[in-house]
Each structure stands twice: as C-alpha cells, then as structure tokens.
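Position one of the sequence shown corresponds to residue 1 (our numbering), numbered consecutively onward.
Hints were generated in silico from the structure; no laboratory data involved.
Note that the structure is predicted; figures quoted are calculated from it, not measured.
Check the hints yourself; a few may be wrong.
[Unchecked claim] No more than 27 Å apart at the CA atoms, straight line, and that leaves these computed lysine-lysine pairs for DSSO-like:
1. 216 to 187
2. 199 to 284
3. 216 to 114
4. 216 to 299
5. 187 to 199
6. 350 to 446
7. 284 to 216
8. 187 to 299
9. 114 to 91
10. 131 to 187
[Unchecked claim] Derived CB-CB ranges, DEER-like:
11. 423 to 128: 35 to 43 Å
12. 321 to 80: 43 to 51 Å
13. 347 to 448: 21 to 29 Å
Idealized CB from N, CA, C, for every residue including glycine.
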Amino acid sequence: MKLYRLGPLVASFVSSIGAQSIFSPARPPAIPLAVRSPYLSTWLNVGNDGGNGGYLAGQWPVFWEDQINGWTGMIRVDGSTYSWMGLPGSKTVNQSAFEYTSTKSIFTMNVENKLEINITFLSPVTPTDLKRQSLVFSYLNVEVSSLDGQEHDVQVYSDISAEWVSGDRNAIAEWEYGTTDGVAYHKVHRQTQLAFTEKSQQSEWGNWYWATDDSKDMTHQSGADTDVRGQFASNGRLNNGDDTNFRAISSTWPVFGFSYDLGSVDSSPYEGASQYGPVASLWKSYFATELAALLFFHKDYTESSNVASSLDRRVAQDSIATAGQDYLIVTSLSVRQSFGATQLCGTQDKKYMFPKEISSNGNMNTVDVIFPAYPIFLYTNPELLKLILTPLLENQEAGTYPNDYSIHDLGSSYPNATGHSDGSDKKMPLEECGNMLIMSLAYVQKSGDTDFLNDH
Numbered sequence: 001m002k003l004y005r006l007g008p009l010v011a012s013f014v015s016s017i018g019a020q021s022i023f024s025p026a027r028p029p030a031i032p033l034a035v036r037s038p039y040l041s042t043w044l045n046v047g048n049d050g051g052n053g054g055y056l057a058g059q060w061p062v063f064w065e066d067q068i069n070g071w072t073g074m075i076r077v078d079g080s081t082y083s084w085m086g087l088p089g090s091k092t093v094n095q096s097a098f099e100y101t102s103t104k105s106i107f108t109m110n111v112e113n114k115l116e117i118n119i120t121f122l123s124p125v126t127p128t129d130l131k132r133q134s135l136v137f138s139y140l141n142v143e144v145s146s147l148d149g150q151e152h153d154v155q156v157y158s159d160i161s162a163e164w165v166s167g168d169r170n171a172i173a174e175w176e177y178g179t180t181d182g183v184a185y186h187k188v189h190r191q192t193q194l195a196f197t198e199k200s201q202q203s204e205w206g207n208w209y210w211a212t213d214d215s216k217d218m219t220h221q222s223g224a225d226t227d228v229r230g231q232f233a234s235n236g237r238l239n240n241g242d243d244t245n246f247r248a249i250s251s252t253w254p255v256f257g258f259s260y261d262l263g264s265v266d267s268s269p270y271e272g273a274s275q276y277g278p279v280a281s282l283w284k285s286y287f288a289t290e291l292a293a294l295l296f297f298h299k300d301y302t303e304s305s306n307v308a309s310s311l312d313r314r315v316a317q318d319s320i321a322t323a324g325q326d327y328l329i330v331t332s333l334s335v336r337q338s339f340g341a342t343q344l345c346g347t348q349d350k351k352y353m354f355p356k357e358i359s360s361n362g363n364m365n366t367v368d369v370i371f372p373a374y375p376i377f378l379y380t381n382p383e384l385l386k387l388i389l390t391p392l393l394e395n396q397e398a399g400t401y402p403n404d405y406s407i408h409d410l411g412s413s414y415p416n417a418t419g420h421s422d423g424s425d426k427k428m429p430l431e432e433c434g435n436m437l438i439m440s441l442a443y444v445q446k447s448g449d450t451d452f453l454n455d456h
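Construct all of the structure, not just a fragment, from the sequences and the given hints.
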C-alpha cells in the first residue's frame, strides 16, 4: 500500500529537508501528534525504522501500530504552495525547531524566510476534570506571522484521510459535511460498523470528526486526495463540494479538507480539532449528543490550553526538582503515552478507566502493565488508579474467575471486558497478587480512602 500511494508523490517531491531543526528538550523516538485514547493515537516516526529524523513535513503521520493515518498540512504564500505536514507532493517548508511538553508537540517552520509558522498539537490531559478527560478529542493550532516585515497573501490548508476510520483499507468509508453553532465539520465513519472489533489495532466502529470554525474565509471539500489537495495548491481555496461516491478507503484515497484564506498576514491563527467517540465513553454522561460534545471541546480551546500548560509546568518543575533535566525528558514524553492508552467509561455515578496493553497482545486492564504506569495516575489524581483497579476487583469478586489468585487481565481482546471464566489467562499469580496489593495500598495511602479496602 505504501509503495502504491507514495511512489508518484515521491517522484514529484520537489525539496528535501533544508536547515537542521533544533529539538527541545530532546529528539524523541516518536512524536505524539493526536494521542487521547487507544484509537485516537497518531504519531510522527522519528527513528531510522520508518522516521525521517523528526521533521513534520516529508512523511506521513502514523497510527501507533505504524500504518499511515493520512494527515496533510499545506500553506500557500503569494501563489506558491508548500507542505508543512505529510507528503502530498508540494515543496516542503524548513523546520527550524521542535519542542514537546507533557501535553503539546510544537513545530516551528520557516517559509523561504518570508513567514514563520507555529504548529501546535495539543492532546489535553485533565486528570482532575473527568468531564474534559472523557472527551476523546485533540487540537491542531496553526499561527502564521511575517518574518521579513512584508505583508504576504496567505492561505492555510489541512485534511485527514479515511485511513483514520478503519485498519481495513478495503472497508467502505462514508462521510458527510455539516455546520452547527459556528463550527464546521466533516464526519467520517466505516459504512458497516463492527462494534467492539479491531483491525490492525484500529477500531472498526464509531465516528470521526474533523472540525474548525465556520467562517466566510473558510472553504471545505471532500474527495480524492489528489483532487482536493490539487484544488488548494492551484487556487488557494476549496470548492465547497462534497464527494458522495462512498468507497473503499484505498480507492483514490478520500480526504476531508478545510482551507482558510488569511489574507494579508503578519499574525493570524488557524485551528482544527479531531475527535473519536466510542459508544461506551463516559462523555455520554455529560453530553446528549456527539455534536454537543464536539461543540464544547471546540469552544473550550483557550481553557484546555491553559489547563494543559498548568500540568506542563507542574510536571517540569517536579521532575527537575526530583532528578534534573534528564528526568524531565522522560517524564514529559510519558504523560500522553500513558493517558493515551486509556479510556474513561461508565456513568458519572459509576466510573471506570480501561487501559489497553499497547504494542503487545492488546489485553484489557493487564495488571502487570498497569503496575509500571500507576505512579503517573497516583501523581496526577489517585482516583484514576481506583477507577482502573475497581473493574478488576469487581470481576474477581463476582466469582466468575475460578483461580484463587489475582487475574492477569480483564479480557484478552480490548475493548471487550469478558474476563476469563475458564481461568485460562496468563498465569502470573505471585506477580499479579503483589501488584494488586501494592497498588491498592498506594492508592489508600495517597487518597486516605480506607473504605476502598473495606469494600474489597
């Protein structure tokens, strides 16, 4: 698939990466872009096993399993088109700097020494605000300013592809465009929904939203990747047309784009948001519909950014105070990775948190995987550790697990919490019993919730 898709584009690729980028606090092996759940988990490869060294332009973002999640960014400056994300075939901008915090990945780009672009990927982490934490959305924010003191005619573009909706590239994707209360959105989904099923670790059910402000300077379009991106490259705007030929993801690669005409620029923002909402998510206890959740999140950018920055500062200060700058390199990169493996579910009265065993066998609430991650939940909000341990304890107490020691996991195929009534889970009795005792004690010591011990 990669050869078929990338071959013609590589052939027309005009410019390789120019000046070297600065990486702060370090150059990580992979850069989190949109990482909020096991299914909203899009990264930029950095290492030589598929990456290009950490440059946003010149390679496709990928799902954590390493298949492409088509995500493109382009900018048109005084009639010339450049790529700032992905590999759509146009000349790339130079990346001058990259910085990551606990919740943000920030790229700084230089366009021919004319413009500077600041691109921020924000995956909010709000451990003490479970309403916000339950929302499986991510932000993309783009700011453009003049470098040479001159005004420039600027248009900005971004799209996502149907590759986001299924791991089966032969699956039929369906989509629609809509607006509501000042927000424009593309809604994309697998035509045949396969609830609680995965293909290549991607979900085979649910809806994806790609949204931005609905304004007179915004245009939109869905269609074949070359058509939509070509329309922007040639004209600096999209045609507001909707492709209604629902088809396989790999059939002329449907994409869903927005463009903004920023006019004469010295500083202007452009924002987008992407979202995925599984049926069992806790957010349904707070919002009546998917669109209500989308509207809240979209209009919550300023507050979300402020809350995220507060967590960034806390992690940075505590990490440096504990073990110095090198420790911060690890801790700040681990926050999104840890929370991005989890999903809040249930109701406001009965909440659960379900982590997925990523990059191995996909088990649900694996005790020996929770154990190395539990310090971050204890640090940010001890209640989260309780929400992870509770379903394991309830399953054990229900009497459906026949063994007389701690269960290994809650189910062998996330997101199905089917337990192991036949007792055939991986047998690690000493380790898992020890893990459960240590984590339960740690929770009670940190929270003071002695009722938790009495209840279980």
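Against the structure, the hints:
no., hint, verdict
1, 216 to 187, "holds (20 Å)"
2, 199 to 284, "holds (25 Å)"
3, 216 to 114, "holds (26 Å)"
4, 216 to 299, "holds (18 Å)"
5, 187 to 199, "holds (20 Å)"
6, 350 to 446, "holds (21 Å)"
7, 284 to 216, "violated (32 Å)"
8, 187 to 299, "holds (18 Å)"
9, 114 to 91, "holds (15 Å)"
10, 131 to 187, "holds (22 Å)"
11, 423 to 128: 35 to 43 Å, "holds (38 Å)"
12, 321 to 80: 43 to 51 Å, "holds (48 Å)"
13, 347 to 448: 21 to 29 Å, "holds (25 Å)"
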